[in-house]
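Given chain A, put chain B in place with the hints provided.
Each chain, letter by letter, is given below.
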Amino acid sequence: MSIFRKRQAQNVSEWLEIATEALAPAAKERIRADIASHYDEAVDEHFQNGLPMPAAHAAALAELGDAKIAARRFRRAHLTQSELWHVACLLQYALLYGRSGVGLVLNLGFCWFFWLMVPASGGRVSFGNILGHVLVALILVCSLADFILAKRKSASPIVPWLVLIQSLRYLLFGMLILTCLAWQDEIEVRASVPLALFTFGYSLFHFQLRNKLGKAGEDWMGESVAARNEIPPDKPVAS
Amino acid sequence: MNFKGSLATLILQNLSRGPNHGYRIAQEIKTQSKGVLDFKEGTLYPALHGLEGKGLINSATRDENGRTRRYYRLTEKGKKALVREREDLLQFSGAVSLILQEA
Numbered sequence: 123m124s125i126f127r128k129r130q131a132q133n134v135s136e137w138l139e140i141a142t143e144a145l146a147p148a149a150k151e152r153i154r155a156d157i158a159s160h161y162d163e164a165v166d167e168h169f170q171n172g173l174p175m176p177a178a179h180a181a182a183l184a185e186l187g188d189a190k191i192a193a194r195r196f197r198r199a200h201l202t203q204s205e206l207w208h209v210a211c212l213l214q215y216a217l218l219y220g221r222s223g224v225g226l227v228l229n230l231g232f233c234w235f236f237w238l239m240v241p242a243s244g245g246r247v248s249f250g251n252i253l254g255h256v257l258v259a260l261i262l263v264c265s266l267a268d269f270i271l272a273k274r275k276s277a278s279p280i281v282p283w284l285v286l287i288q289s290l291r292y293l294l295f296g297m298l299i300l301t302c303l304a305w306q307d308e309i310e311v312r313a314s315v316p317l318a319l320f321t322f323g324y325s326l327f328h329f330q331l332r333n334k335l336g337k338a339g340e341d342w343m344g345e346s347v348a349a350r351n352e353i354p355p356d357k358p359v360a361s
Numbered sequence: 002m003n004f005k006g007s008l009a010t011l012i013l014q015n016l017s018r019g020p021n022h023g024y025r026i027a028q029e030i031k032t033q034s035k036g037v038l039d040f041k042e043g044t045l046y047p048a049l050h051g052l053e054g055k056g057l058i059n060s061a062t063r064d065e066n067g068r069t070r071r072y073y074r075l076t077e078k079g080k081k082a083l084v085r086e087r088e089d090l091l092q093f094s095g096a097v098s099l100i101l102q103e104a
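Protein sequences appear in the order of chains A and B.
Following this note's numbering, the numbering of the first sequence begins with 123 at its first residue and continues without gaps.
Following this note's numbering, the numbering of the second sequence begins with 2 at its first residue and continues without gaps.
Excised from the complex, chain A in its bound form (with noise of 0.2 angstroms):
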């Protein structure tokens, strides 16, 4: 027998343990809802069509497919526990150091460190120079972005813009360290590839972040305070 095989749901409350796997409790809760809602209906439709309740409900699970399926593409729509974590990060982040300025200070450090990262255009106008410039002008901005946003007093709104804020501080940082790669010949500077590697994929992580905060009708902002206090990324929510 197999280690690696396929789990199935041999009964709704399974399936629905398969499908939201990961996801964060608003997510599940709605899930469950309308799978629920949805067996029910199925199941009575099979039973009032002559089948015995064991065979309608048999015949409503099979109807709904595979579990894993469904889990994918549920994730690809809702947020995953790991992903409201991190939000509640970005908003504890934004509430402590950002409207005191402590944020702003460190951002400016980064910039004046970024800043020390451009090629030097050795007495002449070179392309890198100029863009390796224009590159940490756009991280300051940004920067300054996310301190006026942590300003306000409402924090409900200003989440999706801190993400969007962070997903282009990052994409802007892996520029630029692409830009000091191509215009330098330093050894340290071409082993932080795989940094800009990175930054490129956490911009991406946040870029997707930003698509699913746009999602009606789910609590995340209270949820994300809740996680921050009480569950650790990546932890199963019990149901």
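It is worth saying that the hints were derived from the structure and are not from the lab.
Be a bit skeptical, because a hint or two may be false.
[Said to hold, decoys possible] The calculated DSBU-like cross-link candidates involving lysine-lysine, where the alpha carbons are at most 35 angstroms apart (straight line), are:
(1) B:K81 <-> A:K190
(2) A:K190 <-> B:K35
(3) B:K55 <-> B:K78
(4) B:K35 <-> A:K273
(5) B:K41 <-> A:K273
What follows is chain B alone, placed relative to chain A:
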């Protein structure tokens, strides 16, 4: 039949006739296509939730005969998207038909 990608358009088309709940949407798509467009109903909800996330539909729960049903409704943005998607899909299927008829 695999009709990946067009499920969203079929859902929007179904909702253009008025608010509907998930189970009925699935049954009506299957019935209208005379069983040709058969899909696993568990994949209907990620599509519905995705459309809701994009603001093309919205939803509200309603109690009927002791059962809570979530009704989905097309938004103005969804109506515009349906017009575009329907045109694209009709153009695509028309082009495929032309090629297949020639063969």
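- Message: Hint compliance check: list the failing hint numbers for this structure, sorted ascending.
- Response: 4 and 5
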